[in-house]
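Make the full structure from the sequences, and use the hints.
Listed in order, the protein sequences are those of chains A and B.
Number 398 in our numbering belongs to position 398 of the first sequence; there are no gaps in the numbering.
Number 58 in our numbering belongs to position 58 of the second sequence; there are no gaps in the numbering.
Just so you know, these hints were derived from the structure itself, not from any lab.
There could be a bad hint or two in this list.
Which bits of chain B does chain A cover? Going by a derived footprint, with three or more residues having C-beta under 8 Å, they are [unchecked claim]:
1) 8-21
2) 43-49
3) 67-74
4) 83-93
Below, simulated DSSO-like cross-link-like pairs (lysine-lysine); rule was C-alpha separation at most 30 Å, straight line [what the hints assert, rightly or not]:
5) 395/A to 89/B
6) 137/A to 89/B
7) 59/B to 97/A
8) 130/A to 24/B
9) 88/A to 89/B
10) 217/A to 188/A
11) 59/B to 16/A
12) 59/B to 61/A
13) 89/B to 343/A
Cβ atoms here follow ideal geometry from the backbone N, Cα and C, with glycine treated the same way.
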Amino acid sequence: MSYEIVIGFEVHTELKTRSKVWCGCATTFGAPPNTQVCPVCLGMPGSLPVLNEDAFQLSLKTALALNCEVPEISTFDRKNYYYPDLPKNYQISQNDKFLGQKGWIDVDLGEAGIKRIRINNIHLEEDAGKNIHPEGKGHDYSLVDLNRAGTPLLEIVTEPDLRTKEEAQAFMLAMRSLLQYLDVSDCKMQEGSLRFELNMSLRPKGSDKFGTKVEVKNLNSMSVVLKCIDAEFERQSELLDDGGKVAAETRLWDEVAMVTRSMRSKETANDYRYFPDPDLVDVEITADMIAAAKGSLPELPLARRQRFIDSLGLSPYDAGVLTASKTTADYFEAAVARHNNPKTLANWVMTGIQSWLNEQPEDTTVESCPIKAESLAEMVALIDSNTINSNIAKKVFPLMLETGKRPSVIVEEQGLKPMDDTALDPLIDEAIAANPKIAEDIRGGKLKAIGALMGSVMKKSGGRANPDALTARIKQKLGVEG
Amino acid sequence: MALSIGDVEHVALLSRLALTDGEKEKFARELSKIFSHVDQLAELNVEGVEPTAHPLPMKNVFRQDVVLDSLSNEAVLANAAESEDGCFKVPQIV
Numbered sequence: 001m002s003y004e005i006v007i008g009f010e011v012h013t014e015l016k017t018r019s020k021v022w023c024g025c026a027t028t029f030g031a032p033p034n035t036q037v038c039p040v041c042l043g044m045p046g047s048l049p050v051l052n053e054d055a056f057q058l059s060l061k062t063a064l065a066l067n068c069e070v071p072e073i074s075t076f077d078r079k080n081y082y083y084p085d086l087p088k089n090y091q092i093s094q095n096d097k098f099l100g101q102k103g104w105i106d107v108d109l110g111e112a113g114i115k116r117i118r119i120n121n122i123h124l125e126e127d128a129g130k131n132i133h134p135e136g137k138g139h140d141y142s143l144v145d146l147n148r149a150g151t152p153l154l155e156i157v158t159e160p161d162l163r164t165k166e167e168a169q170a171f172m173l174a175m176r177s178l179l180q181y182l183d184v185s186d187c188k189m190q191e192g193s194l195r196f197e198l199n200m201s202l203r204p205k206g207s208d209k210f211g212t213k214v215e216v217k218n219l220n221s222m223s224v225v226l227k228c229i230d231a232e233f234e235r236q237s238e239l240l241d242d243g244g245k246v247a248a249e250t251r252l253w254d255e256v257a258m259v260t261r262s263m264r265s266k267e268t269a270n271d272y273r274y275f276p277d278p279d280l281v282d283v284e285i286t287a288d289m290i291a292a293a294k295g296s297l298p299e300l301p302l303a304r305r306q307r308f309i310d311s312l313g314l315s316p317y318d319a320g321v322l323t324a325s326k327t328t329a330d331y332f333e334a335a336v337a338r339h340n341n342p343k344t345l346a347n348w349v350m351t352g353i354q355s356w357l358n359e360q361p362e363d364t365t366v367e368s369c370p371i372k373a374e375s376l377a378e379m380v381a382l383i384d385s386n387t388i389n390s391n392i393a394k395k396v397f398p399l400m401l402e403t404g405k406r407p408s409v410i411v412e413e414q415g416l417k418p419m420d421d422t423a424l425d426p427l428i429d430e431a432i433a434a435n436p437k438i439a440e441d442i443r444g445g446k447l448k449a450i451g452a453l454m455g456s457v458m459k460k461s462g463g464r465a466n467p468d469a470l471t472a473r474i475k476q477k478l479g480v481e482g
Numbered sequence: 001m002a003l004s005i006g007d008v009e010h011v012a013l014l015s016r017l018a019l020t021d022g023e024k025e026k027f028a029r030e031l032s033k034i035f036s037h038v039d040q041l042a043e044l045n046v047e048g049v050e051p052t053a054h055p056l057p058m059k060n061v062f063r064q065d066v067v068l069d070s071l072s073n074e075a076v077l078a079n080a081a082e083s084e085d086g087c088f089k090v091p092q093i094v
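This is the structure we're talking about:
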């Protein structure tokens, strides 16, 4: 049978606060184990959580950017479960008066247009600690590091609105892009500050009923999420084809075997017995708080894309690629501010800079590129002023990447400056002497033949001749007009 | 409201408690009594009364996003039954 994929996501993102959500412990990534921990993180009797105001404001800002309805009163609940990474035996979360509900995010599907993905709810909770599972013989135990426990975590739950792997990918890119623009999270998937949990089911094509969904955790990059969608499609469709049933359960991705494995059955184990957390008082979301959050909203990705089309004259495709990452869009705009040639700069960012990025680890941004925006702008300015031609630029660019030097410095050091007429003349004379037939043809009016002489001179000059000037000079030498 | 042995077993599992058969019967009896006691609240007329999560007449209590000192690693692990490499050592999770 042929099946349609139905996907929803639970997006978890760690908020960019200095301290944790309920206490003053630092949130620095990579600190030695259990050194950012206090009695609140440890769930010690008598310790009390107090809400970090910045964490709440960042959450509110995100809820509004996702077009959510925001309640007048938001409250926190206890989600009860036993796991060593959470010493209180409950996670403080929200289950009743969410920070936001019924929102949406618009996702750019390229030629298929924009698809609106509904957000069921967005809520603020705390991250859990990290479990380490030492490998090898005799290692029949786990280690727990609670540094991460209590880091503010925003959970965004979508409706099951995605229907293909491509839509899922576009959604993840749009969500990461939005969170980066809002500057609420580092969005580093490898470090776990942005995580996508996949909810996926299949149904026969044409059916309007949902199948049984599976939740998959442990997906630490977008490419892994996409691989997982393929693996789950295979697993679930085989099960259904054989007349079996998909079990409602949580599964873990096994990166080595490239399959998902059952973690626990949702029906029996998940009984969280939520109730209001008596340690935390209500948050009244006032009109002032909403106005302040709205005022702090930056230009969002789709608006920026439209501006790049309207005022910089870029194609919708180029504008979409450039604005997908805030850092890339910032880089591009910084370059345009230095040298006003958006189209050529866009090409260099989307080819040269992007291929460099593609070779870096997944979370790398253009901010760590050895070529700064000013240098790229300078290079395009050198091309536009005919100081170098585009062939020379293709030699200069890799050297800029390698050395981080400015293009003008590299042109000087490598002797890549264009040759002037005095230097070119002997090369032209040589080429004419070596190709008497061609020279005769040109004299006789076959101007297309100039290309052959130019090629010869270009080669001998190491590409350092300006094509327009060279054409003119050859014509002049052969006494041809125009 | 009477709790069955099954209810007690379910709650015990969620709380990771191992109970003997005698304990299960005892807790079923005791918890049923507590439930009956709480059920008396259902007799009250609460029409027009706003649900409250807690009785404190307070709201919007925040702390500023300022980093404070944490405990030393030794203090964090002081009550741990076992530890290794600065971490809590626990029975294998996966």
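Taking the hints in turn, this is what the structure says about them:
no.	hint	verdict
1	8-21	holds (count 4)
2	43-49	violated (count 0)
3	67-74	holds (count 7)
4	83-93	holds (count 10)
5	395/A to 89/B	56 Å, violated
6	137/A to 89/B	16 Å, holds
7	59/B to 97/A	14 Å, holds
8	130/A to 24/B	34 Å, violated
9	88/A to 89/B	17 Å, holds
10	217/A to 188/A	16 Å, holds
11	59/B to 16/A	24 Å, holds
12	59/B to 61/A	20 Å, holds
13	89/B to 343/A	58 Å, violated
Hints 2, 5, 8, 13 from the list above are not met by this structure, while the remaining hints are.
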